[in-house]
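There are 2 protein chains.
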Amino acid sequence: MTELEQTIKLIRPVDQHKAQQAQKRLNSLTKPRGSLGRLEELAKRVVAITGKVRPKITSKAIVVMAADHGVADEGVSAYPKAVTAQMVYNFLRGGAGISVLSNHVGARVVIVDMGVAEELEVHPGLLVRKVAGGTANMAHGAAMSREEAIKAVETGIQIAQAQADKGLDVLGTGDMGIANTTSSSAIAAVLTGTCVETVTGRGTGIDKERLQHKLSVIEKAIQTNSPDPSDAIDVLAKVGGFEIGGLAGVMLAGASMRIPVVIDGFISGAAALIAAALSPQVKDYMIAAHCSAEPGHRIVLEHLGLEPLLNLGLRLGEGTGAALAISLVEAAAKILNEMATFEEAGVSEKED
Amino acid sequence: MTELEQTIKLIRPVDQHKAQQAQKRLNSLTKPRGSLGRLEELAKRVVAITGKVRPKITSKAIVVMAADHGVADEGVSAYPKAVTAQMVYNFLRGGAGISVLSNHVGARVVIVDMGVAEELEVHPGLLVRKVAGGTANMAHGAAMSREEAIKAVETGIQIAQAQADKGLDVLGTGDMGIANTTSSSAIAAVLTGTCVETVTGRGTGIDKERLQHKLSVIEKAIQTNSPDPSDAIDVLAKVGGFEIGGLAGVMLAGASMRIPVVIDGFISGAAALIAAALSPQVKDYMIAAHCSAEPGHRIVLEHLGLEPLLNLGLRLGEGTGAALAISLVEAAAKILNEMATFEEAGVSEKED
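As given, the protein sequences belong to chains A and B, one line each in that order. 1 is the number of the first residue of the first sequence in my numbering; add one for each residue after it. 1 is the number of the first residue of the second sequence in my numbering; add one for each residue after it.
Taking lysine-lysine pairs in the DSS-like style, the calculated list, with each CA pair at most 25 Å apart, reads: (1) B/K350 <-> A/K208; (2) B/K208 <-> A/K350; (3) A/K350 <-> A/K334; (4) A/K18 <-> A/K334; (5) B/K52 <-> B/K334.
Computed footprint of chain B on chain A; a stretch qualifies when at least three of its residues, placed anywhere within it, have a C-beta under 8 Å from a C-beta of chain B: (6) 30-39; (7) 76-85; (8) 302-312; (9) 327-335.
Worth flagging that the hints you see were computed from the coordinates, not collected in a lab. As the structure is a prediction and not an experimental result, all values here were calculated from the model. Quick reminder that beta carbons are idealized off the backbone N, C-alpha and C, glycines included.
Take these sequences, add in the hints, and give me the full structure.
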């Protein structure tokens, strides 16, 4: 059995019985029943996922995976390809959006080179796990081989497992890769069965003309490669990216270890589609951080059956939405752990 | 000039010029323009409010005001009146929702007895500023005198000013008072000119029958008292509450000191209506934390022209929504302060 198969086999249904116990406790806490709304739902989900009735969210990590995309050569992005590597350096120096927001919520950032074109300088904060120096241009053929696709997913699994060894109560996902909304739109179109136009947006902010071009490049990539919607690894190989495969692996490993996985935006959503196609149960371990301004994201979330926590018009990626949502997951667990019950506090209960 | 008039006179327009400078900086940071969505808007608002181009949100306080309502005698709530005092003790012991969430976001909680019926035990964490031991029953006459209404607002002003002396970068509002959704619905109906049914909900969770009763009590209170919609103090006196008046004062004082005020849910919203009626400019200093599950809240926010940050189905009050939103305000300020610019990070800018 391969590492991927083994991980999938370890993913069990979440613990609904424990979730019921959590509901009972939530009802006993000094507040009108259900009055903390989605925080209460979230607390129950964390209990169901972890199987712990009083889960503590202390050790938090956001895995940010970076890789380059051959399709960037088609001119689908507003930024030059070199920005992928430049932004990895920015992550390492703490100057990026994710650096600031992960600090704010007390989460460590795990930066992974899954396939940046450039050879990056050695840095203690950087995990170099290049599958290759960027994908091939999917407009002309498969982005990667089937073997590379599996390797990307298994690399993600290994990285999540190594993080768990350091202590891990919640896992966030994040991405960096110029042109990766192009790849993600292709994945979303194929795996949700939606037309390309509906799941494609302006990414980092391209104009109308370039958006038309991006649409035709995605159409061409799908036509050229005919990815098989019933085979997620095939879809990843034909139109995916190394960071996307890696993030799918992170999600599968998180679920196999019963760790809640907070899914960031559209690119993480594409990875979630791949993970869910490989193992539908993984969806129960996912928490959707937010709904991105990128139009395809809403469709991806609906397909996954996930309701986003935040709606702040974010479209940066990097795990920035996941960081903010991780703080809500932590808050939800604290409600369960730290609030007094009616009995403990000597507060009268509801009369009717 | 009274203290209230003096405070209102100090409220100046927010600094749009500084907000433009903030926009320039946001555009120079290593992210696609506008890609942090509402966090960027929020950063700009904090700059406009404070007049500081690099505002730091370090010292955070949530003022939670408690008071009893005579109208509770009409049986409009699912909980007995004694719960107001019991919950104040729960706040003081750290067992309530606001205790947990304010801790989570690193905000201090300032608990104020604005008019709890019971004489509360002395506690170092409790400010006793009773205007009276609860309002009169508004179903039969004015909830308080005009003098008491002004005193409630001025007490709120003094409390916010005393907090500012301790250092204060952001202020949140919160409430506790059995039957205070009844009072808030009456205020909302009168000040927004909406029918009572539209702005009245189930509060702590009453059944359909009791909701009908609550509606008729509110209608009766408005008919009996004929509050003057053009005179906010009259509305507060006739159908308001001491905690609601106090919170309106907190908002006015916050604005007068150029401190962002994060408005919690429906009861804080009713207080915001009073504050905005006294000084329309105060709205520019308000940040709406969330949209409550209580149906009148959406109407209040629309009337104030505020777009809520969170939509988590909260309906607890106490400042719980404000606590979560304060964390976003802090995050927004950190984006402005801590992210690297394209130039600093050596990242290439957009091509088109």
